[in-house]
Amino acid sequence: MLNALIGRKIGMTRFFTESGENVPVTVIQAGPCVVTQVKTEDTDGYSAVQLGFEEVKARRSTMPVIGHDHRANSAPLGVHREFRVDDADVELGDRLDVSVFEDTKFVDVVGTSKGKGFQGGMKRHNFRGLEASHGVKRKHRHPGSIGGHSSNLGTGPKIKKGKRMAGHMGHERVTVRSLEVISIDPEKNLILVKGPVPGPADGIVMVRGAVRLYKTKARIAKAG
Amino acid sequence: MSKQSIIEGVTADQLRDPADFPQFSVGDTIDVHVRIIEGDKERVQVYQGVLIAERGRGVNRTITVRRIVANEGVERIFPLHSPRIAKIEVVRRGDARRAKLYFLRSRVGKARRLRDQRRGLKHTS
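Quick note, the sequences are listed as chains A and B, same order. Using this note's numbering, the letters of the first sequence map in sequence onto residues 1 to 224. Using this note's numbering, the letters of the second sequence map in sequence onto residues 225 to 349.
Check before you lean on any hint, since a few could be wrong.
Derived list of chain A stretches under chain B, where covered just means 3 residues or more per stretch with a C-beta under 8 Å from a C-beta of chain B [as the list claims (entries may be wrong)]: (1) 7 to 13; (2) 62 to 70; (3) 185 to 193.
For the record, the hints were derived by calculation from the structure and aren't laboratory data. All values derive from a computational prediction rather than experimental measurement. Just so it is clear, CB atoms sit at the ideal spot from N, CA and C, and this is done for glycine as well.
All chains should be modelled from the sequences, with the hints used to inform the complete structure.
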């Protein structure tokens with residue numbers, strides 16, 4: 001079965017394991033989700049599964065969405081997300097809930113990070129800034145020299161593309177990989193993962209079985 | 225269901241029975257019996273000190289216990305609902321007029337002691 005769901009981040013708390021270990025956990029209310037579209041190599045050029053989450057009132061939706069979700073035998077849904085998978089093993093209209101994570105040890109969580117607004121180079125790219133003294137004046141948080149005027153081809157009229165500078169920070173798609181699943185509660189549609197996940201409380205997150213584990217976690221998964 | 229109540233529902237069965245612990249308050253000298261796991265062996269260590277702060281609610285409730293070890297102040301923060309805490313005993317009830325006794329950190333020697341809650345028994349150490 002496809003082990004992927006859309007959910008909402010509820011918040012963080014602590015969890016004591018049986019041995020008394022104190023584990024920081026994020027509570028995610030995930031699913032139930034509806035399979036609203038199955039994309040295949042033949043029809044779409046790639047294979048993926050689209051899930052829908054959270055019913056909305058029809059008058060808050062649009063006709064195209066209502067029709068799209070109706071094909072999956074579902075009321076209009078507020079959130080649709082796509083998961084790239086081969087061999088999805090699901091069909092249009094299937095309902096998924098947290099129990100798909102029953103045998104999953106580690107998950108990846110994809111979310112939209114908190115927006116930080118327009119930020120300088122020090123906060124945005126971890127630049128060091130200039131010195132606090134030794135004659136530095138009014139430029140203590142400066143990014144420093146941004147290089148000469150050169151294009152990617154050589155010299156030119158502009159700064160190099162992709163030069164790291166001040167700008168909008170946060171509010172972007174962030175994936176955290178290999179989070180341990182501490183427990184699931186199919187009755188309340190809750191999944192508890194170890195550690196923080198991107199975005200604010202109430203934010204939409206995608207939870208999927210870990211695609212590729214970090215080395216240490218792969219060792220843990222193999223051992224038990 | 226609000227987010228708060230969902231989280232409370234998750235942690236509800238983690239909370240320890242209030243009857244597990246005696247009544248204690250900031251200023252008391254308490255014994256905290258801590259389960260220590262070494263390999264597959266488990267033993268209980270007693271940590272005695274003055275309760276100088278309580279904070280948090282629900283499963284996040286913690287207590288800060290200060291004691292003097294080899295002339296050096298040591299503060300340990302215990303999550304109250306941790307299964308690693310075997311037992312808490314009140315050794316002496318101290319008289320504290322404030323919720324956080326951080327002023328004890330700057331006190332040296334006899335001034336460190338708190339008045340016993342039973343008035344009249346001043347400065348029992």
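Here's how the hints hold up against the structure:
no., hint, in the structure
1, 7 to 13, "holds (count 3)"
2, 62 to 70, "violated (count 0)"
3, 185 to 193, "holds (count 4)"
In the structure shown, a violation is registered for the earlier hint numbered 2 alone.
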